[in-house]
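Chains Y and F, in that order, are what the protein sequence lines are. If you're matching positions, the first sequence starts at 1 in my numbering and goes up one per residue. If you're matching positions, the second sequence starts at 1 in my numbering and goes up one per residue.
Keep in mind the hints are simulated off the structure, nothing from the lab. Values in this document were obtained by computation on a predicted structure and should not be read as measured data. Glycine included, every Cβ here is placed at the ideal spot set by N, Cα and C. Honestly, I wouldn't trust all of these hints.
[To be verified] With the Cβ distance kept under 10 Å, some of the chain F side facing chain Y (calculated, not the full set):
{"id": "1", "residue": "Lys141"}
{"id": "2", "residue": "Gly147"}
{"id": "3", "residue": "Phe150"}
{"id": "4", "residue": "Ile155"}
{"id": "5", "residue": "Met160"}
{"id": "6", "residue": "Phe162"}
{"id": "7", "residue": "Phe210"}
[What the hints assert, rightly or not] Now the in silico label distances, taken between C-beta atoms and shown as ranges:
{"id": "8", "chain 1": "F", "residue 1": "Met65", "chain 2": "Y", "residue 2": "Asp53", "range": "24 to 34 Å"}
{"id": "9", "chain 1": "F", "residue 1": "Gln17", "chain 2": "Y", "residue 2": "Phe22", "range": "57 to 67 Å"}
{"id": "10", "chain 1": "Y", "residue 1": "Arg139", "chain 2": "F", "residue 2": "Asp190", "range": "41 to 51 Å"}
{"id": "11", "chain 1": "Y", "residue 1": "Arg139", "chain 2": "F", "residue 2": "Met65", "range": "35 to 45 Å"}
{"id": "12", "chain 1": "Y", "residue 1": "Val32", "chain 2": "F", "residue 2": "Glu241", "range": "21 to 31 Å"}
{"id": "13", "chain 1": "Y", "residue 1": "Lys7", "chain 2": "F", "residue 2": "Gln17", "range": "43 to 53 Å"}
{"id": "14", "chain 1": "Y", "residue 1": "Val32", "chain 2": "F", "residue 2": "Glu313", "range": "41 to 51 Å"}
{"id": "15", "chain 1": "F", "residue 1": "Tyr39", "chain 2": "Y", "residue 2": "Val200", "range": "22 to 32 Å"}
{"id": "16", "chain 1": "Y", "residue 1": "Asp87", "chain 2": "F", "residue 2": "Leu2", "range": "47 to 57 Å"}
{"id": "17", "chain 1": "Y", "residue 1": "Val32", "chain 2": "F", "residue 2": "Gln9", "range": "20 to 30 Å"}
Listed below are the residues making up each chain.
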Amino acid sequence: MALMVVKFDLKKRVKLAQTVWFMYWFAVMAGVLVFSMGLFFKIELRKRSELMDNNESHFLPNLLIFMGLITCGINAFGGKICYDSLDPTKFVKWKPMLKTFLVFCMVFNALLLLTALVCFLMRIPLQFTLAEGLRNGMRYYKDTDTPGRCYMKRTLDLMQMEFRCCGNEHYRDWFEVQWVSNRYLDFSAKEVKDRIGSNVDGQYLMDGVPFSCCNPSSPRPCIQYQMTNNTAHYSYDHYTEELNVWKRGCSDALLSYYGGMMNTIGALVVLVTMLEVAVTVGLQYVDSSLSTLANPEDPESESEGWILEKTVKETFTDIIAKMKAMGKGSKVEEGGEAAAAPSS
Amino acid sequence: MLLKLKFNQQRRVRLAQGLWLLSWTAVMCGAFVFCLGVYLKMELFRRAEVMDDSDIHAVPNILMMVGLASIGTNWIASRICQDSLDESRFPRWRVFMLAWFAVATLLCVLLVAVVMLSYALQGRLEESLKVGLRNGIRFYKDTDVPGRCFQKETIDRLQMEFRCCGNNNFKDWFEVQWVSNRYLDFTSKDVKDRVRSNVDGRYLLDGVPFSCCNPASPRPCLQNQLTDNSAHFNYDYQTEELNLYSRGCREALINYYMELMNSTGPGVLSVILIQMSVIMSLRFLQTSVEGAMALEDPEAESEGFLLEKGVKETFEDVKVKVLTMLKAAQINPEAAAAAEESCGGADAENGGEKTPVKTSTPAS
């Protein structure tokens, strides 16, 4: 027995074709939406590629752009088929390729679902890229005179102010790098010589952070330098002080920003996939209802529409049998050639 | 007649259809003007804390009102269009036509007034910002005073977002105490010196808050001891340009708001043009349809015009009409008073008094 049989008369067929045509136009817009989301994500990644060491993977936005374009194409084509299905003369030319088209649509829907899955999973490589990129960024903060890195300071400052974060994981990350350029250090001063002498690499390390870490909501003017020294500032305890600088780490902030974007895009792609499945089922009904006319010459006769000609199990065994037959066919041909070759 | 044009049936139909489309476009324009007003108002509200008075809010308020009114007016115009070619339904609109023209012209005038107002109020905006920012800088340190505790955050975010420092420039911060007394150690010599160095006993320093720092500077931000060249290595106060933002916040905010209003100027002007073309087209449609109806033949050719007589004559007519209305209003209370005095026997008098008024109107 066929799967999900529905009886159709002329009026119902016309209505079905019209509805599916409408849905195909919605699906074209959904394809445009997927394309533009891919483009948007690509631009967002490019904007901050400096912070990710220009190493970020553009696989996901490229995939979204590609899938968006193909969705538009497939749905426009499907819409045309539906439009022509109301006219028997026009529909005849589409009939032979309809089955192949439907199989192709099904494969494409599976690929769309995979794309949605990739959207959700891309968070993990992004996490590593961000951590690595930010660590390097902080190291190059002071290199405002090195060509190619002279804008790192500005980029990092603007990013810390915009995302309300400080350092890689924690503001203490700034204590471990030299973020003051040597051009502005007085090497004849005792304090500078002490600090440089205090570590192996000869770096000027201090317990201070750049101004972009400051939190405007703090009730007191920002304390950037000598942060661990309670006596350097009046009425200050660095263990309990919470509002002075941003507590969040920038890799955490950026990850949640991009992660949120990818989750939204993934959810939208899942919705688009469901729409695509619906239009594919609709087109299958249109096709099957037009091919089972009770009286092929009379367009007003009744017909039946179904999703699968036989039940799921039977269709599956049919497909396996067909594949086996194809495999056997090629084997017989080989055997025939082998037999023909020695004999010739 | 002003701008006389001949209309046959086909032209009338085309005019009605074109006007229907145009009036729906004008409805969209009205919605656009309304949204513009809402957007301007939101932007002004966001920075309301650094503005002293709210005179400038007149601009978005008028825009919102005009937007809503023009949506309604143009929707009515589209209904009139739809009914204009139907003889049975058109007469009921006749009564409203004059009122509609008056309202639509008023809307155009208001839109022009808004454009002029946005330029005229620039001076008031500047004054308001000057006072508001001065207060904001004075109350920066009062993070423990209810009602002012958010000034610090507001000013900090403002300076960071608009890339500006102080009212006119960063030296404004040298003249106020922006560090709260709670964080000053009054037993230390430095604090005592500074507090004694001025009449009001304020802790003044040649330093600025962190939000004045310019991220584009190649060196880490120098906030304190700005005028002391020896306090920092390789630093010259006179030539250092990138360390802090050089612009004052008043200038930055004025530029921002003026740019906003200027960029909406062309949009508003095109809305005015569309509205005026709707008015003129509707007048042509009204006169040509009425002409056709007067000829008792819906297919006949009729004339459409803007004004029945010349501009000057129409003006005289209107003046006389208004005066007559005023006279009638004056005479009627007198007649009512006379009727009260002699109730019953004076009907002939009332009739006699009323007739001169009646005969005078046709002659005018």
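We went through each hint and held it up to the structure:
Checking Lys141 of chain F against chain Y by beta carbon gives a least distance of about 8 Å; that is within 10 Å, so the hint holds. At about 15 Å, the closest approach between the beta carbon of Gly147 of chain F and any beta carbon in chain Y exceeds 10 Å, and the interface hint on this residue is violated. Below 10 Å, beta-carbon pairs count as interface contacts, and Phe150 of chain F has one with chain Y at about 9 Å; its hint therefore holds. The closest approach between the C-beta of Ile155 of chain F and any C-beta of chain Y is roughly 8 Å, which is under the 10 Å cut-off, so the hint is satisfied.
Checking Met160 of chain F against chain Y: minimum C-beta separation of about 6 Å stays under 10 Å; hint holds. Because the closest C-beta pair between Phe162 of chain F and chain Y is about 13 Å apart, greater than 10 Å, the hint is violated. Interface restraint check: Phe210 of chain F against chain Y, minimum CB-CB distance 4 Å, threshold 10 Å, status holds. For the pair Met65 of chain F and Asp53 of chain Y, the supplied restraint of 24 to 34 Å is violated, since their beta-carbon distance comes to about 54 Å.
Judged by the Cβ atoms, the range 57 to 67 Å given for Gln17 of chain F and Phe22 of chain Y is violated: they are separated by roughly 28 Å. Between Arg139 of chain Y and Asp190 of chain F the beta carbon distance is about 36 Å. The supplied range of 41 to 51 Å is therefore violated. Between Arg139 of chain Y and Met65 of chain F the CB atoms are about 58 Å apart, so this pair departs from the stated range of 35 to 45 Å. The given range of 21 to 31 Å is broken by Val32 of chain Y and Glu241 of chain F, whose C-beta atoms sit roughly 47 Å from each other.
Lys7 of chain Y and Gln17 of chain F have their C-beta atoms about 45 Å apart, which keeps the hinted 43 to 53 Å range intact. Remark: the range hint 41 to 51 Å for Val32 of chain Y to Glu313 of chain F is contradicted by a beta-carbon distance near 59 Å. Between Tyr39 of chain F and Val200 of chain Y the CB atoms are about 58 Å apart, so this pair departs from the stated range of 22 to 32 Å. Our hint of 47 to 57 Å for Asp87 of chain Y and Leu2 of chain F holds, since their Cβ atoms are close to 56 Å apart.
Between Val32 of chain Y and Gln9 of chain F the Cβ separation comes to about 44 Å, which falls outside the hinted range of 20 to 30 Å.
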